[in-house]
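Trainee: Sequence:
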Amino acid sequence: KYIKAWRQCVAEADEFLAVYERFVREVVCPAIKARLGPEAPRTTFYYQCPPTLRLQPGPSKQFRRIHRDAEYGHQDGEVNFWMPLTDPRKTGVRLWVESAPDAGDFSAFDVDYGAVGMFHGTNC
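So the sequence shown is numbered by our numbering: it starts at 0 and just counts up by one.
One thing to keep in mind: the hints can contain errors.
[Unchecked claim] Below, computed lysine to any residue pairings styled on SDA-like, alpha-carbon distance capped at 20 Å:
| no. | residue 1 | residue 2 |
| --- | --- | --- |
| 1 | Lys60 | Met117 |
| 2 | Lys32 | Met117 |
| 3 | Lys3 | Lys32 |
| 4 | Lys32 | Arg21 |
| 5 | Lys32 | Gly116 |
It should be emphasised that the hints constitute simulated quantities derived from the structure, not laboratory data.
Go ahead and model the full structure; you've got the sequences and the hints to work with.
Mentor: Dropping the structure here:
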């Protein structure tokens, strides 16, 4: 019930969604284009709107089961972005990712407050 109410709150937050749309246009798409390189063909990007926002109070001893987003029906071509809204060093919140699918070498994906990190959460 809480998750549904939270998603509804995000979906109805017009000012937040306007900032999100600008963030996708001005930060996310250029970052992906840069990773594809100058020789990449013209590409259309699709993104989730409203975004999924995950709240995790820290520090916490409770962890979600390690998973890949593919287990929830996400497509192979998707990439994830993590932008901590607080300083992870102060809150003790960590995101753990693998270097490659099935590598089993989960390590902390450190992103500073105010920065954005990209990772392949569908398979890693």
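Trainee: It remains to establish, for every hint, whether it holds in the given structure.
Mentor: Verification of the hints:
no.: 1; hint: Lys60 <-> Met117; in the structure: violated, 25 Å
no.: 2; hint: Lys32 <-> Met117; in the structure: holds, 13 Å
no.: 3; hint: Lys3 <-> Lys32; in the structure: violated, 33 Å
no.: 4; hint: Lys32 <-> Arg21; in the structure: holds, 16 Å
no.: 5; hint: Lys32 <-> Gly116; in the structure: holds, 15 Å
Violated hints, in rising order: 1, 3; the structure is consistent with all others.
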